[in-house]
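Heads up: the sequence shown at position 249 corresponds to 249 in the UniProt record's numbering, and the numbers run straight through without jumps.
A portion of the hints provided could be inaccurate.
Pairs of lysine-lysine, PhoX-like flavour, derived with a Cα cap of 20 Å [unchecked claim]:
| # | residue 1 | residue 2 |
| --- | --- | --- |
| 1 | K24 | K39 |
| 2 | K190 | K72 |
| 3 | K72 | K111 |
| 4 | K190 | K107 |
Quick list of the computed label-pair ranges, beta carbon to beta carbon [stated by the list, open to error]:
| # | residue 1 | residue 2 | range |
| --- | --- | --- | --- |
| 5 | E137 | A7 | 38 to 48 Å |
| 6 | S261 | K45 | 46 to 56 Å |
| 7 | E137 | E38 | 47 to 57 Å |
| 8 | G184 | R352 | 43 to 53 Å |
| 9 | E137 | T183 | 22 to 32 Å |
No lab work stands behind these hints, which were simulated from the structure alone.
Glycine included, every Cβ here is placed at the ideal spot set by N, Cα and C.
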Amino acid sequence: MVSVLGAARALELEINKTPVSQIKDEIQRTANDPFVIEKFGVFEKAHYLARARWASRITLEPVRVALYQMTKQGGQLVTPIEENWPNQLFDLSNHSPMALWVLGDPKNLHKLENSLSIVGCRGASSYGEEATSQLVEALVAKGFSIVSGGAYGIDAAAHRSALAARGNTVAIMAGGVDRFYPTGNSDLLKRISQTGNVLSEMPPGNAPSKWRFLQRNRLISALSQATIVVEANWRSGSINTVSHSEELGRDIFAVPGPITSPQSAGTNRLIADHRAQSIVDAEDLLQRLGASSASISADQLEGLSSIETRVFDALGFDTKDLQEICREAGLSREEANFGLANLEIDGLVVRRGTAWAKSQTTV
Numbered sequence: 001m002v003s004v005l006g007a008a009r010a011l012e013l014e015i016n017k018t019p020v021s022q023i024k025d026e027i028q029r030t031a032n033d034p035f036v037i038e039k040f041g042v043f044e045k046a047h048y049l050a051r052a053r054w055a056s057r058i059t060l061e062p063v064r065v066a067l068y069q070m071t072k073q074g075g076q077l078v079t080p081i082e083e084n085w086p087n088q089l090f091d092l093s094n095h096s097p098m099a100l101w102v103l104g105d106p107k108n109l110h111k112l113e114n115s116l117s118i119v120g121c122r123g124a125s126s127y128g129e130e131a132t133s134q135l136v137e138a139l140v141a142k143g144f145s146i147v148s149g150g151a152y153g154i155d156a157a158a159h160r161s162a163l164a165a166r167g168n169t170v171a172i173m174a175g176g177v178d179r180f181y182p183t184g185n186s187d188l189l190k191r192i193s194q195t196g197n198v199l200s201e202m203p204p205g206n207a208p209s210k211w212r213f214l215q216r217n218r219l220i221s222a223l224s225q226a227t228i229v230v231e232a233n234w235r236s237g238s239i240n241t242v243s244h245s246e247e248l249g250r251d252i253f254a255v256p257g258p259i260t261s262p263q264s265a266g267t268n269r270l271i272a273d274h275r276a277q278s279i280v281d282a283e284d285l286l287q288r289l290g291a292s293s294a295s296i297s298a299d300q301l302e303g304l305s306s307i308e309t310r311v312f313d314a315l316g317f318d319t320k321d322l323q324e325i326c327r328e329a330g331l332s333r334e335e336a337n338f339g340l341a342n343l344e345i346d347g348l349v350v351r352r353g354t355a356w357a358k359s360q361t362t363v
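Based on the sequences and whatever the hints tell you, model everything.
Written as structure tokens, this is what we have:
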């Protein structure tokens with residue numbers, strides 16, 4: 001219901017206890033897919049079970065309380081229909097959040113068009129913190145915003161380095177933004193909210209939990225053009241973030257570390273398994289990103305057709321063949337070739353033999 005009708009309309013129908021036959025008719029009228037109802041199996045049964053499961057939560061009172069708490073804290077609720085909504089989140093399709101609870105000026109969210117996520121373990125080494133500082137300083141100088149999760153270790157080092165370089169940084173919480181977590185980073189998160197944003201898909205009053213951290217990681221991946229893992233053991237939540245980045249077709253980079261260091265076991269394995277590109281210093285990363293300035297300008301992207309945009313988003317700075325592009329963009333060979341030809345004319349992509357990549361010199 002939510003994916004077809006939107007969260008607000010779906011809630012309205014359920015609060016009003018709309019008969020299932022009317023809901024079914026509205027979904028069929030609204031959906032672009034004529035077979036959407038069939039995907040539910042027996043729609044009436046699926047709806048009955050869902051309504052029974054959610055009945056105790058289908059009320060507007062928690063929404064009113066959350067909005068009051070947010071207003072009291074000086075924050076705002078941003079929804080997908082608003083101009084400040086980060087369009088990158090639409091790449092999550094049905095897994096895109098219904099709304100974002102945001103501390104800080106929502107207009108700052110536009111800066112995430114040129115952003116990179118930096119993640120890593122909580123028990124960072126001095127090597128990891130220094131590597132993070134060097135990378136962030138160079139990235140901020142090129143106009144990139146820094147996205148991370150506000151945790152101890154690499155996350156905190158990334159946020160602090162961005163603030164020190166007078167750059168924009170965004171912390172994504174696993175619980176409500178009224179509960180800064182971890183509490184030891186409360187002062188840091190407050191500073192972030194004053195110049196950048198602290199945000200969450202969870203309403204105020206919700207405590208962070210293990211599954212919410214894992215759920216949150218998809219937002220870190222989606223909001224950024226690429227994910228950089230500085231230090232991570234093999235069971236680190238950062239590996240989960242990498243998995244989301246892979247699903248979204250985002251570029252992934254990792255900082256290699258000593259083979260004797262548990263903090264680098266995960267990053268070294270990502271590199272060895274070809275899941276991440278190895279970076280040796282800030283200049284190497286910038287060259288791989290093709291960043292003589294902050295990636296592709298918004299003006300260059302605004303004029304692209306939907307096909308061109310899908311092709312462009314499917315590409316990274318490493319080459320991909322036509323079959324990969326078609327699969328990741330969800331396009332036919334003819335559509336992908338059409339998009340590639342136009343993007344090549346605009347200088348946004350380059351052909352290397354029979355493969356393609358984003359242009360390294362695009363400004």
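Okay, the hints, checked on the actual structure:
Our distance criterion of 20 Å between C-alpha atoms is met by K24 and K39, whose separation comes to about 12 Å. Taken as a hint, the K190 and K72 pair is honoured in the structure, with Cα atoms around 15 Å apart against an allowance of 20 Å. Straight-line distance between C-alpha atoms of K72 and K111 comes to about 26 Å, which puts the hinted pair past the 20 Å bound. The suggested pairing of K190 with K107 holds, with an alpha-carbon distance near 18 Å, which does not exceed 20 Å.
The hint said 38 to 48 Å for the Cβ distance between E137 and A7, and at roughly 40 Å that hint holds. A C-beta distance of roughly 53 Å is found between S261 and K45, which places it inside the suggested range of 46 to 56 Å. Under the hint 47 to 57 Å, the C-beta atoms of E137 and E38, about 54 Å apart, fit the expected range. In this structure the supplied range 43 to 53 Å holds for G184 paired with R352, their Cβ-Cβ distance being about 47 Å.
About 28 Å separates the C-beta atoms of E137 and T183, a value consistent with the hinted range of 22 to 32 Å.
Comparing the model with each earlier hint shows a violation of hint 3 alone; every other hint is respected.
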